[in-house]
Amino acid sequence: MSNSAIPQSTTKRRRSRYVTTLLVGVAAGALASCDNAQDTDVNIYQSSEACRQDYTPEACDQGFAEAKTQHAQSAPKFATREECLAAGFDNCEAAPTTAASTQSASGGSGMFMPMVMGYMMGRTLGGGMSSVGQQPMQQPRPVYADRSGFLYSGDRAVSRLAPGQALNPNAATTVRTRMSPTGALAGTRTVARSGFGSTGRGMSAGS
Amino acid sequence: MHRDVLAPREHWQAKVEKIGFDWHTSLTDKGEKLEYWDENACWVLSPDEVDLIEAATNDVHQMCLQAVDYVVTKGLYEAIGYPDSVADLVENSWRRHQADEKPIYGRFDFAFPGLNDGEVTPKLLEYNADTPTGLFEASVVQWHWLQDCHPDGDQFNSIHEALVAAWSDLAKASAGPYVLHLTSFAPHPEDEGTVRYMQDVAIEAGFATKMIAAADIGWSSPEDDAAGESYFVDLAGEKISSLYKLLPWDWVLSDPFGDQMAKAVMGGSLRVIEPAWKLVLSSKGILPVLWKLFPDHPYLLESHFETAQFKSGSDVFAKPKLGREGANISLATLGAKGQVVGAPHASVDGPYGREGYIYQAAAPMARAEGRTLSGQSCTHHAVIGSWVIGDQSCGIGLREDTSLITQNTSRFVPHRMG
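From first to last, the protein sequence lines stand for chains L and X. Each step along the first sequence adds one to the number in the numbering used here, with nothing skipped, and position 5 is 5. Each step along the second sequence adds one to the number in the numbering used here, with nothing skipped, and position 104 is 104.
Where hints are given, some of them may not hold.
[As the list claims (entries may be wrong)] Coverage of chain X stretches by chain L, computed from C-beta distances (three or more under 8 Å per stretch; other residues unrestricted):
(1) 128-136
(2) 142-156
(3) 178-190
(4) 211-217
[Unchecked claim] Derived pair list, reagent style SDA-like, types lysine to any residue, alpha-carbon separation capped at 20 Å:
(5) X:K18 - L:Y18
(6) X:K172 - L:S194
(7) X:K239 - L:S194
No lab work stands behind these hints: they were computed from the structure. Built from N, CA and C at the ideal position, the CB exists for glycine as well.
The task is simple: from the sequences and hints, build the whole structure.
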């Protein structure tokens, strides 16, 4: 019997291992009405202690324990620590045993994965008025980072740290998952529009 | 390679809409429904056939890069349908094609009847290098179809993974701010759908993104001319420094803002994806250039700028240099001096062709006897759209038509390996 936990791929697979789409602007015609609604700021907490600045200790402990399990299940796995490091991650750790792979004598799965760096949560709406511990907490998502500052959760990139940005170990660090307009520009400027799209109108641009 | 007739998934429309595919059915001019996504059948390819398509795609991609170099070096812009005024932009972009003007994607269309038809090779019909579509259908929709219908099956399709990797490379190679604007015509469900998918992929690769309709892009200049630079802006006034455009370069350059865009790219303040050197490859004039550089190459079809160069009795397609989606293409038999003998075997109307035509020998395609959706017997002809992402072949999507000419009404049919 072959081991079912690790795919025994002898023939070359030609298909994508995963295809996930975020479906960002689902409605057709969304192009015409771009506004600030696409901004998404999220908070990353490095520890349950940092989380307790904003939420109850019970919610933080429970949420982080679940996120840690999720990380062990969803983070990419490498056969050796060297392979994990070579993939661009500075910190790698042994992947824990899961229900699906219990064969390793050492108690671990024998695989390596990037170390979890923090836990990400969407910022609560409203803000300001609610005191600590009163906000309902979302399920945190585990986050890990590569050497270039890209942040990942599971098998996908979710954000990127700004150059020089580090995580605050004691409180929330806010990162942006999408673009936010920078607001008014300095100086008086004139803007002309409708300079693109007149050629070929009515025909498909695709080929 | 063969075609299996299948029962479509129950409620397939709802299934594909759930993953964001909202242009699966279109309406004809007469208001009849026309299925664009067609899972009443699938094509089955052997691993050997996939290996052959992959090899052909990688080789033809490299040959195309040599052809760009040839066109740029010789200044052959007018021969392929462009004014000489594009030379500065194309040369500037081409000089940087291995640095910050790398390509993301392109789709080669191959005629390939399969290995059951004898020892044949895929033959390049054309290269959609600048604004290829059918990307989401190939990368995502047929992947989900396989997952539903053949969860243990395989498919020549790692397009999604390759796209994420290509955009990540682009992000990691740049100094930031990793902001990408994406544009197309709007409203246009199919083009917007393709742009939406590209936005998804760019987000996954680490970009902050924003969509903007082509007509909404602004050109911002200081009121006092000496007080600073001019640049493109979005509706919020934010500077556009990287722009993915599902607009053909030749249309963009003909637009009122075309000169500004060319200058911004040459000055290094704006990156446009695909890069401007793809202009050379998006003209069908590249087909006779390839034939001249690589005569009798097994992956190419005989192609010329003049019909007189073909042997008498040849079946030849006429294709407008800058046409799209099968428009203005016709098929005819040529006489001794290149003149058309008798009536054309097939032709499609359209708005293109003022810039001139190229001529290409006809080739056998994948074909299967079958029935149309309304039950009439017919012959299905399939063209293999083979994707190159970065510099690597990584998957295919098949378009099928009862006509010999693939056009915008041709159906997308999924495939699997078997």
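Okay, the hints, checked on the actual structure:
1. Given a C-beta distance limit of less than 8 Å, the hint that chain L covers the segment 128-136 of chain X holds, as 6 residues qualify and 3 suffice.
2. Counting residues of the segment 142-156 of chain X whose beta carbon lies closer than 8 Å to any beta carbon of chain L gives 6, which meets the minimum of three for the stated coverage.
3. Three residues within the 8 Å Cβ limit are the bar, and the segment 178-190 of chain X against chain L gives 10, so the coverage statement holds.
4. Evaluation of the coverage hint for the segment 211-217 of chain X: fulfilled, as 7 residues show C-beta separations to chain L shorter than 8 Å, against a requirement of three.
5. At roughly 17 Å between alpha-carbon atoms, K18 of chain X and Y18 of chain L fall within 20 Å of each other, so this suggested pair holds.
6. Proximity of K172 of chain X to S194 of chain L is assessed by CA-CA distance (about 33 Å); at most 20 Å being required, the pair is judged violated.
7. A C-alpha spacing of about 16 Å is found between K239 of chain X and S194 of chain L, which places the hinted pair at or below 20 Å, so the restraint holds.
Checked against the numbered hints given earlier, this structure breaks only hint 6.
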